[in-house]
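In order, the protein sequence lines correspond to chains A and B. Everything in the first sequence is counted per the working numbering, starting at 1 for the first residue and increasing by one. Everything in the second sequence is counted per the working numbering, starting at 1 for the first residue and increasing by one.
It is worth saying that the hints were derived from the structure and are not from the lab. Check each hint, because a few of them may be wrong.
Just so you know, same-sequence chains aren't split out, so a pair can sit in one copy or run between any two.
Unchecked claim - Mimicking SDA-like on lysine to any residue, the simulated pairs with C-alpha atoms at most 25 Å apart in a straight line are: (1) K110 / E25; (2) K98 / L117; (3) K110 / D33; (4) K83 / R18; (5) K110 / R28; (6) K83 / E193; (7) K83 / A29; (8) K98 / A122; (9) K98 / F148; (10) K110 / Q133; (11) K110 / V23; (12) K83 / R28.
There are 2 protein chains.
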Amino acid sequence: MLEPGELSAGGTARLAGRRARHVLEVLRAGAGDRIQAGVVGGRMGEAEILSAAPDEVVIAARLDREPPPPAPVALLLALPRPKILRKVLQAAASMGVKRLVLLGSYRVEKSYFASPLLAPEALREQFLLGLEQGRDTILPEVELHRFFKPFVEDLLDARFPERDRLLAHPAGAAPLEALAPAGARAALAIGPEGGWTPYEAAALRDRGFAAITLGPRVLRVDAAVPYAVGQAELWLRSSSARASPRTPR
Amino acid sequence: MLEPGELSAGGTARLAGRRARHVLEVLRAGAGDRIQAGVVGGRMGEAEILSAAPDEVVIAARLDREPPPPAPVALLLALPRPKILRKVLQAAASMGVKRLVLLGSYRVEKSYFASPLLAPEALREQFLLGLEQGRDTILPEVELHRFFKPFVEDLLDARFPERDRLLAHPAGAAPLEALAPAGARAALAIGPEGGWTPYEAAALRDRGFAAITLGPRVLRVDAAVPYAVGQAELWLRSSSARASPRTPR
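Working from the sequences, and respecting the hints, build out all of it.
As structure tokens, then:
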């Protein structure tokens, strides 16, 4: 993944450090090989390796494709502990999630908000790893809100304009297939280890989040996020597929 | 999680080592507190902590519930690299997957089969961590097959009796919502980093695996597994929900 300024007018770029090692050691590519390339926030395509030395790889990129469309799901996540957060950030970016709010909750330990992983450059690094995995170039937007109540009362509606709002919460949950989406995009809220408190779940339900169950088991957040995003995407698509052949009734 | 022989006739058990530390340090429970408990392969319920010392916790368990029903999805996975395998084993167990085949493939490095993680006791340990997370007691059955062709030709049909067979593979894929399940259970095949070879994908399609896409992005196996299991479960349920109110046509 290249930064916007790195590509010369002739389409070449020099890679050092992690990216050079990735090309040489993980991709095991050398001069003459072709690799995937993309510019952060821009186009993607292929690059030919012009030269490869241990800490400098020179490439000529031909970026002739737009990145894939965003995933139709935005995430509202109770801030997970740092070890899990790292995985969740990468996974969310790799799945094409483009909007992510990390929220405090009664069961989120205060210390998690002091994690160095939450520094903007650290978040960006995890997202870039996820984008490289998913072959995408568009960074997710992320916001951190330490206090549940003011976020939900004052900001939630602006941050999540989606009419379809889902809340992974076992109490009072409907099976997802019993709900019909109103649109093509959904907001999905996933709680902390131990779950949302009854107050939090009620506050989100008041804001139109429908409680759904992710099954009879308790998933860790790093499994719950891809599980629920996968289901939400299929749910949105299935419904529009059923509705789309507009035959007269 | 208790081993079958650990519970006394009176329902008490002594925990040491990892489990005692888990109770004291992760759950932060002490004498008089109640915790979740279960017997491997058996019932589950609550346990009261009778006494708690740094390396010995004594509990009295009342196991009055059956474990949750198995997930309706069995997995055929190209063997991932060890670091990812660990996560996938835990996630699969936490989701209630009860049958798992780890298979060689052209793009699976031979060295992965030498991983100490594949020793029976190491696999069991990862599964137990997943079961504890998911609050389940039934260990998955797992098989290792190093060679793709003989497994697919001679053993696959016996191991995966499911008529609904899905193959995560972009080439020639249908969207999942375009397929209708024949039954209530599915087998799901997920390839290695870099994907199945055309030969492998064709061999699996010959065995009735329908190619589906997990979206326009390339997911790492530890995200692809929960993403695809979540979708397959919703797919199986949605279809039976649509079919179930047996109104005359």
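(request) Output the numbers, in ascending order, of every earlier hint that fails for this structure. (result) When the structure is compared with the hints, none of them turns out to be violated.
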